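Could you put together the complete structure from these sequences and hints?
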Amino acid sequence: GAGVSQSPSNKVTEKGKDVELRCDPISGHTALYWYRQRLGQGLEFLIYFQGNSAPDKSGLPSDRFSAERTGESVSTLTIQRTQQEDSAVYLCASSLIEGTNTEAFFGQGTRLTVV
Amino acid sequence: AQSVTQLGSHVSVSEGALVLLRCNYSSSVPPYLFWYVQYPNQGLQLLLKYTTGATLVKGINGFEAEFKKSETSFHLTKPSAHMSDAAEYFCAVSDRDDKIIFGKGTRLHILP
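Note that the protein sequences, when read in sequence, are chains A and B. So the first sequence is numbered by this note's numbering: it starts at 180 and just counts up by one. So the second sequence is numbered by this note's numbering: it starts at 22 and just counts up by one.
Since the hints were made in silico from the structure, they are not lab data. Since we're looking at a predicted model, the values are computed, not measured. There may be inaccurate statements among the hints.
[What the hints assert, rightly or not] Taking beta-carbon pairs under 8 Å as the criterion, some of the chain A residues facing chain B (in silico):
{"hint": "1", "residue": "Y212"}
{"hint": "2", "residue": "G221"}
{"hint": "3", "residue": "L222"}
{"hint": "4", "residue": "F224"}
{"hint": "5", "residue": "Y227"}
{"hint": "6", "residue": "A233"}
{"hint": "7", "residue": "D235"}
{"hint": "8", "residue": "T279"}
{"hint": "9", "residue": "T281"}
{"hint": "10", "residue": "E282"}
{"hint": "11", "residue": "A283"}
{"hint": "12", "residue": "F285"}
{"hint": "13", "residue": "Q287"}
{"hint": "14", "residue": "G288"}
Glycine included, every Cβ here is placed at the ideal spot set by N, Cα and C.
See below:
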């Protein structure tokens, strides 16, 4: 597609429920990132997929968080047993990683509110 | 592992004054460096990047940044601030083929 697409754009869930967030990267981009941005805060790295390499999960805050990516396409971020501190905007980005073309292109994010 | 430090979570400048947002990085290899901007209620967009070659990089909206290896810095500047520059600015670094790591951001306020 023309840009990184994330769905849903907004999600309100009850504490303790599981949620799935979806990211469609730019076609042909081999790298995909998930970041979390709490209100008024910076970007917190969560997970990084690059081609066929094992994902870098070093940023996942707890075992309630997991992410998958199918080939070089769609990725889903799953949060199990959501807590109020999970409320944030979850940003997905993709990049090419080819020569000097390594910048990340961001989606509009999914705003998650846990009530 | 690479890291980024942005000095000042909030910076205020008067309209027409020089904008200077500071960024220092650490990287084990020659880095790629980026500045992103996030306008209110919008997504992040690339402002400029340094990969190789000329150390002074020009970006959109009159911004530029200079890669100084000896100082491990990549400060962002604009000669004359405009009200529309009010936004959150993020510096980022990558070790070439590795993931991009972002700083905590600096919110720029423009005073009339």
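Next item on the list: Report holds or violated for the interface hint on L222/A, using the least CB-CB distance to chain B and a cut-off of 8 Å.
Entry: 4 Å, holds
Margin query: Min Cβ distance, T279/A to chain B: is it shorter than 8 Å?
Written below: Holds: closest Cβ of chain B sits about 4 Å from T279/A, inside 8 Å.
Note to self: Is the interface hint satisfied for D235/A? The criterion is a beta-carbon contact with chain B at less than 8 Å.
What the structure shows: Because about 6 Å separates D235/A from the closest Cβ in chain B, which is inside the 8 Å limit, the hint holds.
Margin query: Hint validation: Y212/A versus chain B, beta carbon distance must be below 8 Å. Holds or violated?
Written below: 7 Å, holds
Notebook entry, point to check: Is the shortest C-beta separation between G288/A and chain B less than 8 Å?
Noted result: 7 Å, holds
Checklist line | Hint status (Cβ of F224/A to nearest Cβ of chain B, threshold 8 Å) | finding: 6 Å, holds
Checklist line | Supplied contact hint for G221/A, tested at 8 Å Cβ to chain B | finding: This hint holds: G221/A lies near chain B, its Cβ roughly 4 Å from the closest one there, short of 8 Å.
Item checked: When the least beta-carbon distance from Q287/A to chain B is tested against 8 Å, hint result -> 5 Å, holds
Item checked: Interface restraint verdict for A283/A against chain B (beta-carbon cut-off 8 Å) -> 5 Å, holds
Note to self: Using the nearest Cβ pair, does A233/A come within less than 8 Å of chain B?
What the structure shows: 13 Å, violated
Next item on the list: Would you settle whether the hint for Y227/A is holds or violated, based on the nearest Cβ-Cβ distance to chain B being less than 8 Å?
Entry: 4 Å, holds
Next item on the list: With a cut-off of 8 Å on the beta carbons, see whether T281/A makes it to chain B.
Entry: 6 Å, holds
In this structure, only the earlier hint numbered 6 is contradicted, and the remaining ones agree with it.
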